[in-house]
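There are 2 protein chains.
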Amino acid sequence: MEVKKDYLARPRAIKDVKPKFRNFPMVPRVVFGSGCFDQLGDILMAKRKHSDAPFIFLVDDVFEGTELTSRIPRIFNDQLIFISADQEPTTKQVDVLVKRIEKDFDDLPSGIVGIGGGTLLDLSKAVAILLTNNGSASRYQGWDLVLKPALYHVGIPTISGTGAEVSRTTVLLGPEKKLGINSDYTTFDQVLLDPDLTKGVERAQWFYTGMDCFIHCIESLQGTFLNAFSQSYGEKALELCKEVFLEELNPKESRDKLMMASWHGGMSIAYSQVGVAHAMSYGLGFLLGVRHGIGNCLVFKHLNEFYPEGVALFDRMLEKHEIELPTGICANLDENELDTMISVAMGMVPLWENALGSDWRNVITPEKLACIYRKI
Amino acid sequence: MEVKKDYLARPRAIKDVKPKFRNFPMVPRVVFGSGCFDQLGDILMAKRKHSDAPFIFLVDDVFEGTELTSRIPRIFNDQLIFISADQEPTTKQVDVLVKRIEKDFDDLPSGIVGIGGGTLLDLSKAVAILLTNNGSASRYQGWDLVLKPALYHVGIPTISGTGAEVSRTTVLLGPEKKLGINSDYTTFDQVLLDPDLTKGVERAQWFYTGMDCFIHCIESLQGTFLNAFSQSYGEKALELCKEVFLEELNPKESRDKLMMASWHGGMSIAYSQVGVAHAMSYGLGFLLGVRHGIGNCLVFKHLNEFYPEGVALFDRMLEKHEIELPTGICANLDENELDTMISVAMGMVPLWENALGSDWRNVITPEKLACIYRKI
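Chains as they are written, first to last, in full-length UniProt numbering: chain A, 1 to 376; chain B, 1 to 376.
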């Protein structure tokens, strides 16, 4: 398997991912509370341009036919589109959605509402951008390539941990590279945090997505890029993860706190970066299509050398929640495939710099990574 | 002394201050970092409407003739106005500033930049509102009375603790009442957090303003209105206050962390409320003109019954930083004056409800408050 050049090149420009004083775009409106989903109708009403400019609801298809769907405040010619989150979102998917919306309506919609996990939130951000910016989504993968403000877009997470609800990126698999549309216009205009929406999440998915936040925090807090802004958010997110996954909370408290952990964890990225687990997880994702949350877990378990305290906590969390990670993922890989994964992982220069400092190559060698991958 | 009716009526409408699911306006842009003040020129450049639409810089007059002033990025016909923060900001002051700006320029300014502590930040918010909304500032004191978006306004704190940089209010002393302009348009459009700007703050002022944040957190975390959103911010702010005021941090760390404490403390108000100290401090402020930060400290010291752990921490902080609170403040008050203070304090219904629940009147009596005030 050949490693595509653009993919390797991805985060090489360190200035892009380690801005010293980024002027960070925060979500300008947020509502939090059990049951606040029912305020969505009022919130959208104030943003309706006219009766021919619909709201487009992009909704995880696990909600098809459920009570949640019946509560979506559709009026006029609003459109509801169910989308599977089984695959990572792609630029092609975005392009198809945008074309469909442009074909179905003479007027630009009033806005896009994403309801679901990271995949649905990322798709919604991208569709909102592409409805006001010409061409294919793949054209905007990178840093600050979006020139016009996106259409008004609302994010409503139904699972906690990704931080997609608060970030300024939307990570898409493109024809040539997997890369985020990182821009100030990517951030949602409105986020609605209703912890009740996470009630039905399947147990393993709940754990892996929560660990996305936990691992992210460990990596950024122990990284070299950190400042006091990101540290304070990261510490709070980590503390909440510990409460949720190691203490005895009642279900409501647990849902509330994990939703806030995800929020703060996402905010902490403003001036920080992830590290070893994410770099190696990209290798798994690129070669084997392993999804983000579980990929991080698979790698993180073997990173005792880099994150001893974090891994010890992680092991306790696995045990407490009786989560059995899959094994033998890399058992049947040949040398070429292993080399590919290692190349992808080692291409994540800023992540390694954050984790280990500028002389990270003294610590990280292909042999070392091969040794870790073989354990997975 | 007669207690003005409107003042007493202030926060009586509980729905206004205890919204169950407020759609909270966050500051949409924030930059954090030592020295980031020097990015202000670039940030404003993107917001300049044309060369005749100036930026108006409202700056605490302690900075007159200092290096900071020379770094303010004035071009074209930008105007710099020094303002004393010795007095609490008034609606009249806002009206005078607005008239002056309207007289000096044919065009609406590009924006307002407030540089200073809570007083300057609150004035800047109010001036930005009044430049696009007709009439006197006093007309908008209350909840959600502002109908048009404010002029673009930027907040740059030079002391940490008030949370004014992130709140949706600007508290002004009006002809009839002291009351905030609480609105979604009050929030700054941009905040610049440069901890270096807090370097020269006088020690006692540093302490009292930091305690504004600390006391606020104790009151809201122990209150009955709290939800998980505000709790997570309040807990982080409190933790940072403890680090700053009880541990041995180096000066840079201390400045960084107190600035973040103020930020998170301000965010925590989204779904919370202050309590006993603030209610009683309003009495002191109304009758004796005692300023907010020190007023809270004077009261809080005697609230062991309500906040035993918080007061114990506070005493340690006072001792560690060798702060001597003034005494005998209420020594020479006659019964009428004392009654006035008590009436003002007891008028703060939502604060008492937050602190002690809906049957707070079973705990709080005029005699009890008189007893506490007499100790101050």
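To be clear, the hints were calculated from the coordinates, so they are not data collected in a lab.
Any given hint could turn out to be false.
Given that identical chains are not distinguished, each listed pair holds provided it fits within a single copy or across any two copies.
[Stated by the list, open to error] The list that follows gives simulated cross-link-like pairs (lysine-lysine, BS3-like), each with its CA atoms no further than 30 Å apart: (1) K252 - K242; (2) K375 - K92; (3) K177 - K252; (4) K49 - K148; (5) K47 - K177; (6) K99 - K20; (7) K320 - K49; (8) K49 - K178; (9) K92 - K301; (10) K375 - K252; (11) K148 - K47; (12) K47 - K178; (13) K49 - K20; (14) K103 - K368; (15) K199 - K148; (16) K252 - K148; (17) K92 - K368; (18) K20 - K199; (19) K103 - K301; (20) K199 - K177; (21) K177 - K368; (22) K301 - K252; (23) K20 - K178; (24) K375 - K47; (25) K92 - K103.
Exercise for the section: Would you list, in rising numerical order, the hints stated earlier that this structure does not obey? Expected result: 2, 3, 5, 6, 7, 8, 9, 10, 12, 14, 15, 16, 17, 19, 20, 24
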